[in-house]
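Residues per chain, in single letters:
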Amino acid sequence: MARSNPIALRSLISEIGPVDQVGIEERVAKYTTRSIKKASKVQALKLAVSMVDLTTLEGKDTPGKVASLCLKALHPHDDPSIPSTAAVCVYPRLVKHAKKLLRGSSVKIASVATAFPSGQAPLATRLAEVRAAVSDGADEIDMVISRGAFLAGELALVQDEIAAVRDACGKTTLKVILETSELETYDNIRAASFLAMRVLRPGDFIKTSTGKTSSNATLGNNQVMLEAIRDFYLETGTEIAMKPAGGIRTAKQAIQFLIAVKETLGDAWLNNARYRFGASALLNDLVRQLAKEKTGAYQAPYTLSEASGSY
Amino acid sequence: MPAKRPNNPARELLFGDLWEYDPAPETAPAHIAPRYDLFINGQFTAPKSKKWFDSISPGNEQKVSEIALANEADVNAAFAAATAAFSKWSKTSGAERGKYLYRIARLLQDRAREFAVAETIDGGKPIRESRDFDVPVAAAHFFYHAGWADKLAYAAPGRTLAPLGVVGQIIPWNFPLLMLAWKIAPALACGNTVILKPAETTSVTAMKFCSILQDAGLPPGVVNIVTGAGDTGTNIIHHPAAAKIAFTGSTAIGKFIQRTLAGTDKRLTLELGGKAANIVFEDAPIDQAVEGIVNGIFFNQGHVCCAGSRLLVQESVADEVLRKLKMRLRHLRVGDPLDKNTDIGAINSRKQLEKIQELVKSGVQEGAEIHQPACKLPKRGFYFAPTLFSNVSLSHRIAREEIFGPVLSILTFRTPEEAVEKANNTPYGLSAGVWTDKGSRILKMSTELKAGVVWANTYNKFDPASPFGGYKESGFGREGGKQGLLDYAQIV
Chain P
413 MARSNPIALR
423 SLISEIGPVD
433 QVGIEERVAK
443 YTTRSIKKAS
453 KVQALKLAVS
463 MVDLTTLEGK
473 DTPGKVASLC
483 LKALHPHDDP
493 SIPSTAAVCV
503 YPRLVKHAKK
513 LLRGSSVKIA
523 SVATAFPSGQ
533 APLATRLAEV
543 RAAVSDGADE
553 IDMVISRGAF
563 LAGELALVQD
573 EIAAVRDACG
583 KTTLKVILET
593 SELETYDNIR
603 AASFLAMRVL
613 RPGDFIKTST
623 GKTSSNATLG
633 NNQVMLEAIR
643 DFYLETGTEI
653 AMKPAGGIRT
663 AKQAIQFLIA
673 VKETLGDAWL
683 NNARYRFGAS
693 ALLNDLVRQL
703 AKEKTGAYQA
713 PYTLSEASGS
723 Y
Chain L
130 MPAKRPNNPA
140 RELLFGDLWE
150 YDPAPETAPA
160 HIAPRYDLFI
170 NGQFTAPKSK
180 KWFDSISPGN
190 EQKVSEIALA
200 NEADVNAAFA
210 AATAAFSKWS
220 KTSGAERGKY
230 LYRIARLLQD
240 RAREFAVAET
250 IDGGKPIRES
260 RDFDVPVAAA
270 HFFYHAGWAD
280 KLAYAAPGRT
290 LAPLGVVGQI
300 IPWNFPLLML
310 AWKIAPALAC
320 GNTVILKPAE
330 TTSVTAMKFC
340 SILQDAGLPP
350 GVVNIVTGAG
360 DTGTNIIHHP
370 AAAKIAFTGS
380 TAIGKFIQRT
390 LAGTDKRLTL
400 ELGGKAANIV
410 FEDAPIDQAV
420 EGIVNGIFFN
430 QGHVCCAGSR
440 LLVQESVADE
450 VLRKLKMRLR
460 HLRVGDPLDK
470 NTDIGAINSR
480 KQLEKIQELV
490 KSGVQEGAEI
500 HQPACKLPKR
510 GFYFAPTLFS
520 NVSLSHRIAR
530 EEIFGPVLSI
540 LTFRTPEEAV
550 EKANNTPYGL
560 SAGVWTDKGS
570 RILKMSTELK
580 AGVVWANTYN
590 KFDPASPFGG
600 YKESGFGREG
610 GKQGLLDYAQ
620 IV
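Each protein sequence line maps, in turn, to chains P and L. To convert a position in the first sequence, counted from 1, into the numbering used here, add 412. To convert a position in the second sequence, counted from 1, into the numbering used here, add 129.
If we strip away everything but chain P, and leave its shape as in the complex, we get (with noise of 0.2 Å):
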C-alpha cells in the first residue's frame, strides 16, 4: 500500500489552481449582505425544505425514531404548499425501516456507510457496508474519504477507494464526504474535491462533513467546493452536486448557502438533485419561518421544537 506521492497534491494543486483564503471568505461575506424578502424569501424558504436531508446518526436511534422521523420528512406541516424533504439519512442497520414508511413516496432513504464518520475500517468491511445498505433499500450512499491518506499524500489510494465504493453502489447515487475540517486548508479541500469528481457520476455528490467534527459546513467550503463543481462542470460537462452537512441550522443560513449556488453554479443547481443540506435542526426553522410569513407570527416555542432530537 506504499502508493504515498509526495508531490501528488502539489502537482494537484498546481494543475487545478490555489485558492485564497482571504479571497473566498471576502466573496462569501457579500452573499450574508444580500437581503432576501418577501416573495423571493417564501420561495427560498420552500426550496430548501425540499432540499433537506433529515438526518438522525446517533447511537441511540430506533426504529420508532427513525419512523417519526420519516413522518416528519413525508409532511414537515400540516401546510401543503411546504413540499417534502429530498430525503432521510440514516446508519445502515435502519435503512430498511425507513424503507417501509417511504416506500413509493418521493422522500428517498440515504444512508451513511464506509465506517462512517472515522472511515478507519478495512475497504473489504466499508464495501459490505455499502453493499448492505444498498441491498436494503438504500436510494443514496454516503461515504466518508479516508483523510489521513489524503493528508499522507496518497491521493492514488483515496481515489480508488471512492472508485471501488462507487462500483460497490450500483446505480445507488453516491456522496462523497471530503470533511473539510481535517483538510483544514482550502487548497486542500479543491484538491479533495477534484479528486472525487474524476471518479463520480453525473448526479453523484461531494459532501462537505460529517457532522461529527466541530466545524462543519461553511459559507467558505461550499463555496470552494461550489467553484470546483462549476470548473469541473466548464471542462468535462459532468455536472456533480454538492451537500453541505452539519451548521446549518438557521433559515437565514439556508438561504445564504441559496444565495452562493444561485451565483455560482446558477439555475441549474437549484433543485434538490444537484443541492442538499444535510441537516436536522435546520427544517424546523425553515418551517417555523414559513409559517411567519404567512400568518405574521411567529408560532409558540413549543409548536416547533428547537432541539434536534424531537420530530
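Warning: the hint list may mix true and false statements.
[Unchecked claim] List time: in silico DSBU-like cross-link candidates among lysine-lysine, alpha-carbon distance up to 35 Å: (1) P/Lys472 x P/Lys508; (2) P/Lys442 x L/Lys590; (3) P/Lys484 x P/Lys449; (4) L/Lys220 x L/Lys177; (5) P/Lys664 x L/Lys469; (6) L/Lys590 x P/Lys664; (7) P/Lys442 x L/Lys508; (8) P/Lys508 x P/Lys484; (9) P/Lys450 x L/Lys469; (10) P/Lys453 x L/Lys469; (11) L/Lys505 x P/Lys453; (12) L/Lys480 x L/Lys490; (13) L/Lys579 x P/Lys442.
[Stated by the list, open to error] A partial selection of chain P residues facing chain L, derived with a Cβ cut-off under 10 Å: (14) Glu639; (15) Glu647; (16) Asn683.
[As the list claims (entries may be wrong)] A few chain L residues that face chain P, going by a derived Cβ cut-off under 7 Å, partial list only: (17) Phe144; (18) Asp344; (19) His460; (20) Arg462.
Just so you know, these hints were derived from the structure itself, not from any lab. Where a beta carbon is used, it is the ideal one built from N, C-alpha and C, also for glycine.
Following the hints, put chain L in place on chain P, whose structure we already have.
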C-alpha cells in the same frame, strides 16, 4: 507552471430568473432638507449671491435639494470666520481637540443609516457600499485622528508640530462624505481651521454633516463649508488667508491649482487621477483574482481614482480569466442604488455618463473587443452596464485615459518584466494590484511598480492608519497614517 486546460467555450451556466430576489429598498429616512445654506462660523448662512442650484439624484433624475452657490464674498466671509477661529483653536489642547473629533465620530456612527441613505440618494452609489464602506470608514477616520490629536509630539519625535493655519479643501463627488472625513479629520487633529468645498453634484451629506458639527459643539468657524461650482473653488485657492490647499479630483484641475499656487507660500497636496494596473499572474488564485478585479473596477461604478481599470493578465491564463470575468458580470446586479441587493448603482451625473459613453465608443472604434452582460437598466437615471474590453493595446485611449466608470481594459503580458513595464507605462501612479501565489514576487513587484499603493491578492482596501496617495501625475502628499497627518502640520 501548469498549462491550464482550456474550458469548452460552448458550455455555459444558466444565470436566469428561477429564483429572483424581490426588490429590497432601504426605507430609512434620509432627512434631506429642501434647501441648504452655507455653513459659516457655526451657522447656516444664506449665500450673499442669493443663488441656489439644484442637486439631482442620479438614480432617478429627481431633484434632491437646493444647494447654495457661494460667491467670492461668501468665501471671504468663510475665511474671516476660519481666521478668527484659528487663534483659539490652534491653542486648544490636543486632548480637547481630540474630544471634539471623538464626538463627531460617534455622532456619525449614531446616524450612520441616515447618512448612508442620503449619500446613496445624492450620489447614486449602491446602499450596500455607502452603508458598509463610506460611512463606517468616514467615522473610522475621525476616530483615528482623534487619537492623534494629543499625541502629535510622537509624530515627529524630538520636534514640535504646529498647525498651518486656515486650510482650503476641495473634494470630489465620488466619495463625498469619506473624502470630507479624510480632509477634515487630520486638519482638526493638528489644530488647523478649515474651509471645505464639496463637489457641485454631491453636497448633501457635507451639509448634513454640519448639523453633526453643531451637535458636537465644535467652536464656530473651525469648520466652514461652502458649496458651489468651479468658481467657488477658484475663490478658495486664490484667497490670501489660505495656508494650504488640499485637493482631490481630476489631474487637469490639479495642474491648474498647482500653476495658480506657484510663487505663493501656500502648501499644496494633490490626490488626482489614476489608471491603475491590476496584474494577474498565471499562478494566482483565479476565482479570487476575478473577484478582486470586479471589486477593483466596478466598486462605486468605477468612480474611484485608484480603480484597477487596466487588467494585465498573463497570456497563459488570459482566456480563463476573461471567461470567468464574463460569467461573474452576468450576476452583478445593476439598478436602483437604494436596493440593498444592488451591486452597481447609478453614474454620478449625466456629464460623467456622456464621458464614459464617449470613451467606450472610442474603444470600439480603435478595435478593442467589447463585452457587456445583458442587463436591464432602469429607464430613468444615469446607468451604464459593466463593460469589459479585450484585445486592448497600450496605445488605445481606453488604456491611457482615466474613464472613471465601470469599464475595464484587458491587456496581456508574458513575463514579470513586461508586466512592470506595461504597468508603469502611464502618466499616473496612484495604485496597483498584484495577484500571485508567490510571496517573493509580491515583494519584488511592489518595489518596481511606480504606484503609491500596491495591493497584493486584494484590491481597494483602505484603513485610516495606512497612508494613501500617488506618484507622478496622480499627485503628491498622503492621506491617512502619520504621513497624512504631517501634511497638515509644520515642524518647528
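Cross-check of the supplied hints:
Of the pairs offered as hints, the one joining P/Lys472 and P/Lys508 holds, with about 17 Å between alpha carbons and a cut-off of 35 Å not exceeded. With a C-alpha separation of about 15 Å, the suggested pair P/Lys442 and L/Lys590 falls inside the 35 Å cut-off, and the hint holds. With a C-alpha separation of about 27 Å, the suggested pairing of P/Lys484 with P/Lys449 holds against the 35 Å cut-off. As the CA atoms of L/Lys220 and L/Lys177 are separated by approximately 31 Å, the hinted pair is consistent with the 35 Å bound.
About 16 Å separates the Cα atoms of P/Lys664 and L/Lys469, which keeps this hinted pair within 35 Å; it holds. Restraint check for L/Lys590 and P/Lys664: satisfied, since their Cα atoms lie roughly 28 Å apart, inside the 35 Å limit. Between P/Lys442 and L/Lys508, the direct Cα distance comes to roughly 27 Å. Compliance with the 35 Å bound is thereby established for this hinted pair. Restraint check for P/Lys508 and P/Lys484: the C-alpha separation of about 17 Å stays at or below 35 Å, so the hint holds.
Straight-line distance between C-alpha atoms of P/Lys450 and L/Lys469 comes to about 14 Å, which keeps the hinted pair within the 35 Å bound. Distance check on the hinted pair: P/Lys453 and L/Lys469 sit about 15 Å apart at the alpha-carbon level, within 35 Å; holds. For the given pair, L/Lys505 sits about 23 Å from P/Lys453 by alpha-carbon distance, which is consistent with the 35 Å threshold. Distance check on the hinted pair: L/Lys480 and L/Lys490 sit about 15 Å apart at the alpha-carbon level, within 35 Å; holds.
Taking the CA atoms of L/Lys579 and P/Lys442, the gap is near 32 Å; set against the 35 Å cutoff, the hint holds. Below 10 Å, beta-carbon pairs count as interface contacts, and P/Glu639 has one with chain L at about 5 Å; its hint therefore holds. Contact between P/Glu647 and chain L, as hinted, is supported at the beta carbon level, the nearest pair being about 5 Å apart and thus within 10 Å. Restraint check, P/Asn683 versus chain L: the minimum CB separation of about 9 Å is within 10 Å; hint holds.
The criterion of a C-beta within 7 Å of any C-beta in chain P is met by L/Phe144, whose closest approach is roughly 5 Å, and the hint holds. Because the beta carbon of L/Asp344 sits about 29 Å from the nearest beta carbon in chain P, more than 7 Å, this interface hint is broken. Nearest Cβ of chain P to the Cβ of L/His460: about 5 Å, under the 7 Å cut. The hint holds. Given the 7 Å rule on beta carbons, the hint for L/Arg462 is violated: about 9 Å separates it from the nearest Cβ of chain P.
In terms of the numbered hints stated before, the structure departs from hints 18, 20, listed from lowest to highest.
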